[in-house]
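Respectively, the protein sequence lines represent chains A and B. Note that the first sequence covers residues 4 to 343 in the numbering used here. Note that the second sequence covers residues 4 to 343 in the numbering used here.
Keep in mind that the hints were calculated from the coordinates and are not lab data. Possibly wrong hints are sitting among the right ones.
Copies of the same chain look alike in the list, so a pair counts if it works inside one copy or between any two.
Pairs of lysine to any residue, SDA-like flavour, derived with a Cα cap of 25 Å [to be verified]:
1) K246 to I288
2) K59 to Q85
3) K245 to S75
4) K245 to I288
Number of protein chains: 2
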Amino acid sequence: MIIDIHGHYTTAPPALEAWRKRQIASLAGGAAPSASELRISDDELRESILVNQLAKMDERGIDLTVFSPRASFMAHHIGDAQTSATWAAINNELCHRVSGLFPDRFVGAAMLPQSPGADPAGCIAELERCVNEYGVVAINLNPDPSGGHWTSPPLTDRHWYPVYEKMVEYDIPAMVHVSTSCNACFHTTGAHYINADTTAFMQLLSGDLFADFPTLKFVIPHGGGAAPYHWGRYRGLAQEMKKPLLQDHLLNNVFFDTCVYHQPGIYLLTRVIPVDNVLFASEMIGAVRGIDPETGHHFDDTRRYIDAANLSPAERHQIYEGNARRVYPRLGAMLDAKGL
Amino acid sequence: MIIDIHGHYTTAPPALEAWRKRQIASLAGGAAPSASELRISDDELRESILVNQLAKMDERGIDLTVFSPRASFMAHHIGDAQTSATWAAINNELCHRVSGLFPDRFVGAAMLPQSPGADPAGCIAELERCVNEYGVVAINLNPDPSGGHWTSPPLTDRHWYPVYEKMVEYDIPAMVHVSTSCNACFHTTGAHYINADTTAFMQLLSGDLFADFPTLKFVIPHGGGAAPYHWGRYRGLAQEMKKPLLQDHLLNNVFFDTCVYHQPGIYLLTRVIPVDNVLFASEMIGAVRGIDPETGHHFDDTRRYIDAANLSPAERHQIYEGNARRVYPRLGAMLDAKGL
């Protein structure tokens with residue numbers, strides 16, 4: 004089977020954005036809307052998926068998507084921890100409902116109610132709820148809830164340990180994923196996303212986090228930002244910092260997805276990064292929705308690039324399915340239980 | 004001939020750093036040291052180059068290096084515009100003296116006395132001095148003088164136009180190069196440098212700067228950050244933003260160096276980016292000084308990767324020499340005048 008580990012609910016019914024606008028407006032004064040004021044029917048949810056993600060999954064032969072709230076809409080920089088708590092709960096519930104409507108095609112991953120300056124321990128209640136009630140198999144962790152001002156400590160800081168302790172307890176990985184940039188220097192999907200991937204990788208390289216959490220797992224999206232392209236630089240920096248080889252220092256715990264939207268990038272990724280550490284993903288319908296005039300196919304139709312890469316059938320199976328089952332153990336167990 | 008367009012004076016005699024420390028100490032109160040208190044003899048300069056950059060240039064067959072002050076030492080975030088003015092003048096003079104001692108091997112590029120919040124117009128006097136008195140052929144422009152807080156406007160903002168007007172007048176390119184990060188999230192050479200390259204590229208993609216300055220030229224170092232690896236993403240984003248093809252939108256004005264420290268990265272760079280836009284560089288002796296255990300050669304010995312890339316002799320000549328002469332017209336004229 005083919006598992007896409009990186010999908011967001013980018014096509015939610017417009018009522019969601021309308022509710023969020025009311026919530027944001029209330030921050031300037033006035034009553035905040037309650038979560039129950041957002042009403043989206045199952046038919047609306049179904050329709051928003053059927054003609055979008057599900058249609059493309061069927062076209063491309065993708066069986067299952069790990070599905071989380073829209074990354075750019077997380078916008079943790081807006082309001083305070085309470086603002087984010089209400090907003091995260093709404094979005095996580097919507098993704099849960101989608102996975103309930105299409106139980107063989109979508110499995111949930113949770114956003115966290117992060118907020119700049121707030122203790123990540125404040126996210127644990129929502130994380131527990133999403134694991135225990137919704138059965139999510141992963142979380143998205145934003146290393147920069149400020150939205151491009153980078154005011155939180157690096158991911159190796161004890162600041163983040165409450166989240167890591169829960170991740171280890173539940174055996175769920177985190178995808179390191181920022182949200183909208185509110186810094187004019189950083190275009191959200193063209194700079195901030197990719198920079199955050201590179202930044203997170205280098206934070207992990209500089210530290211020794213996995214000495215404290217040997218089973219902790221991170222997925223760096225968007226093909227690992229710049230890391231695979233500059234793998235020699237990173238191997239060299241690790242060597243200068245007297246770290247072990249990257250293979251030993253990071254690659255038991257750090258994984259890369261395949262959201263790289265052209266063939267040469269996928270060639271590089273699959274050539275440089277051990278096949279155990281590459282997980283299929285497309286992040287469709289996302290940042291780049293158009294058709295590549297050079298190929299006639301969608302930029303984000305990453306399956307074509309993987310199919311064309313120089314991989315053995317066994318390696319391709321790992322990237323499409325095997326690694327996802329291993330890195331997302333709750334997903335693996337769920338599929339095992341279904342006999343899949 | 005082989006021209007390395009990206010060298011910094013990373014091996015300056017220790018007196019330079021000692022002077023800088025006194026300057027920084029004076030910011031807390033007390034008298035600042037005067038520039039004339041820094042005394043470094045020609046013999047000291049010669050020695051610092053002979054056993055370092057020049058030895059490696061000879062080993063690797065590099066004929067000429069475009070040589071600028073040490074990037075991480077620019078540290079524009081320290082002090083104010085006056086602090087940076089004194090510091091830039093000292094560093095530019097040292098590089099000028101090096102190029103005077105080895106006139107066939109080094110040609111200068113200037114750092115600017117940037118400072119967070121200061122008008123870049125304040126850099127023009129130093130820029131003019133470096134062109135007219137020192138004969139520099141390029142400048143280094145720091146898009147983030149705050150050192151990792153990204154408080155300046157994007158490179159497409161009119162904020163930067165005074166510098167661009169001078170660049171056009173003198174026909175000199177700018178290498179977009181940040182300095183030390185003072186944001187704990189960003190490792191200087193592992194994250195901040197690479198992020199800045201990606202960020203600058205996306206700023207230029209998002210804007211229409213070259214409509215205002217058709218002859219303005221930027222070199223994005225470190226192989227363009229993440230841009231070539233994610234070239235499909237950038238082509239797709241440009242398409243969604245209704246920009247022309249990247250070839251027409253940016254590639255008359257934006258160039259990439261070859262500071263990518265492993266063979267697969269150089270394969271990707273030379274495969275994805277048109278050969279007219281790739282300029283040989285190594286940034287030695289810089290961020291990654293060690294020997295790659297996988298090859299037995301220095302990570303930053305980028306000539307080996309170019310030699311091994313799938314390029315015709317004519318293409319290799321462009322990368323090694325032809326593009327540098329074209330993108331750095333004052334360098335081209337200087338070499339022409341010497342009959343080289």
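Consistency of the hints with the structure:
{"no.": "1", "hint": "K246 to I288", "verdict": "between (38 Å within a copy, 21 Å between copies)"}
{"no.": "2", "hint": "K59 to Q85", "verdict": "neither (36 Å within a copy, 58 Å between copies)"}
{"no.": "3", "hint": "K245 to S75", "verdict": "between (37 Å within a copy, 21 Å between copies)"}
{"no.": "4", "hint": "K245 to I288", "verdict": "between (41 Å within a copy, 19 Å between copies)"}
In this structure, the one hint that does not hold is number 2.
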